[in-house]
Amino acid sequence: MGRYILNRLFVSLITAWVLVTLVFFLIRLLPGDPFLSEKVTPEIKANMMKYYGLDKPIHIQYATFLGNLLKGDFGYSLRYKNRTVNEVINQAFPYSADLGIRAVIFAAIAGVTLGIIAALNRNRSWDYLSMFIAIVGVSVPSFVIGPLLQYVFATKLKLLPVSQWKGFAYTIMPTFALSLHSLALMARLMRASMLDVVNQDYIKTAKAKGLSPFQIIWKHQIRNAILPVVTVLGPVTATLLTGTFVVEQIFAIPGLGKFYILGIQNLDYSLVLGMTTFYGLFLIAANFVVDIIYGLVDPRIRLAR
Amino acid sequence: MERLLEVKDLEVSFRTYAGEIKAVRGVSFHVDRGETVAIVGESGCGKTVTVQTIMRLIPMPPGFIKNGSIIFDGKDIAKLSEKEMEHVRGSEMSMVFQDPMTSLNPTMRVGAQIAESLIKHQKMPPKQARERAIEMLKLVGIPNAEKRVDQYPHEFSGGMRQRAMIAIALACSPKLLIADEPTTALDVTIQAQILDLMRDLQKKLNTSIIIITHNLGVVANLAERVLVMYAGKIIERGSLDEIFYNPRHPYTWGLLMSVPTSELDKSKRLASIDGTPPDLFAPPVGCAFAARCEYAMKICYERYPEDFTVGDGHRVACWLMHPMAPEVKPPVGKGVTLS
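Sequences listed follow chains A and B, in order.
Quick note: the first sequence uses full-length UniProt numbering, first residue 1, plus one each step.
Quick note: the second sequence uses full-length UniProt numbering, first residue 1, plus one each step.
Note that these hints are calculated values from the structure, not bench results.
Each statement offered as a hint is correct.
Computed list of lysine-lysine pairs in DSBU-like fashion (alpha-carbon distance at most 30 Å, straight line):
(1) B:LYS8 with A:LYS204
(2) B:LYS123 with A:LYS204
(3) A:LYS219 with B:LYS79
(4) A:LYS204 with B:LYS127
(5) B:LYS175 with A:LYS219
(6) A:LYS71 with A:LYS258
(7) A:LYS219 with B:LYS127
(8) B:LYS147 with B:LYS203
(9) B:LYS138 with A:LYS219
(10) B:LYS138 with B:LYS175
(11) A:LYS204 with B:LYS22
A few chain A residues that face chain B, going by a derived Cβ cut-off under 7 Å, partial list only:
(12) ASP201
(13) TYR202
(14) THR205
(15) ALA208
(16) LYS209
(17) GLY210
(18) SER212
(19) HIS220
(20) ARG223
(21) ASN224
(22) PRO299
(23) ARG300
Think of the CB as a built atom: it goes at the ideal place given N, C-alpha and C, for glycine as much as any other residue.
Isolated chain A, as found in the complex (with noise of 0.2 Å):
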């Protein structure tokens, strides 16, 4: 287990630095520069550049970065004016999180669950509801889903907040709208995998040994059956952890999304370099942790080199 941990970490510092330098590059190959706005002359532009040291040469630049970011320092954002980007993420952040893994912990318990309710009752109307919900919330996306519960439970019955993130009962509505995607492709997975560990011979062993349908179901065929589910958790922690832009601007969240949007709009270089190194890194990290898990899980994995 140790070496497996060991090699997986490698194996995640690689990809950290990939990503970086990618990103580095790549920023810089868009069409214009931080500083493109009318009002701005050439002279104080030029002067821009260099306070922020963009007129160096590139691998010095480059060499820079690297060195900061070793540190745990993204810089100085390029557009609000004396922020550093460590302190933006600082602060935005917290929330994104907060709503982000809500949203995972209920996407994969309720998304399970829904999945193993779905395989009991094949083809009877508890499977019929679940795939429908599932169904539903594979192809209607958070902007709509969104503003609809907005309607419904805010304006309409009056039972929760409409927007702001004040205490538990304005995660509510947040949270679903983020975690229906995720938790409707668990749902569908679950489901598919538990009515094929249901046709596995060591099922039928199960049952040969006497085993009540509620035990061979609980020690048999969730844990087999949850294995592709858990593959799927590090992918899903990354869309919900990122993806929580458009739901943050509907309830009106103080999150990271529209820093990281508004960033990209105005080329503020080290903002987007230092979001996207910070989250890589989250998202590393929340798949090392899976594959971690997995290994706990599935006694195969441990050994695998």
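Once you have looked at the hints, place chain B on chain A.
Just chain B, lined up with the frame of chain A:
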């Protein structure tokens, strides 16, 4: 000897979209305590359905017991509730399946898989069940059992997994062990070891065994009595010697002739039975084998032959046994030796 299992007129069918498949069409046989009975026949002849019905492992629906009774140790299995059946499975009768590579749960330690039925049926505390699992692993000849008990199935070889399967099946000392082609998925040397093991354990534990196989070598090794099945019916039955040295049904001849032996003339092709088994959606009214039988007469197509008794416990369902039938010299039988 005392009767352990008595199957009478068992008929099992499956409802499908295309109609009713009559997989088992009136099978009667018995198994005594401590006895080994082999069921032989080609794929799809109803062997597996018969024994899985005895353990009620057939998915119902689509399967259903159309007729007949299965008296096991005084109880009619066909009439037990699912809850009552749970106490019979694994404790009074148990099963070893064909493919040891897929029959063990890959995410559960082997020891835990053996302990499971002990905890369920004998209400053993987990610690004691683990000790017993180690004993069972030793009993089936797995070296280093103390270490092996905590390993996962993928750390076992194919032969060891089948040994573990046997340990699972025998954990609660069942009265009846059903082995459904237990050696088919193993290579030849391991096959012999597994058969030796089953024979030894049977002597030690006095378990009755029903073994299903299409390998007549396995039959010769293990069984005392043989049932030959074809298209859902038992067409010939008798002691091991009767079936091997005095077979009477043309289908049994076909089976015996298709076994490669050391005395075989190497210049000749190995014999096979031409044709395919009948469609079980609409089985023929007469003998199901008639269409493939080179000795078939008119009556074979019109009426199903009754069982003719030709020796002590040796019964054959074939019109050739009728006093009015022509004399046919069996192409095999006397003097055939099997490896």
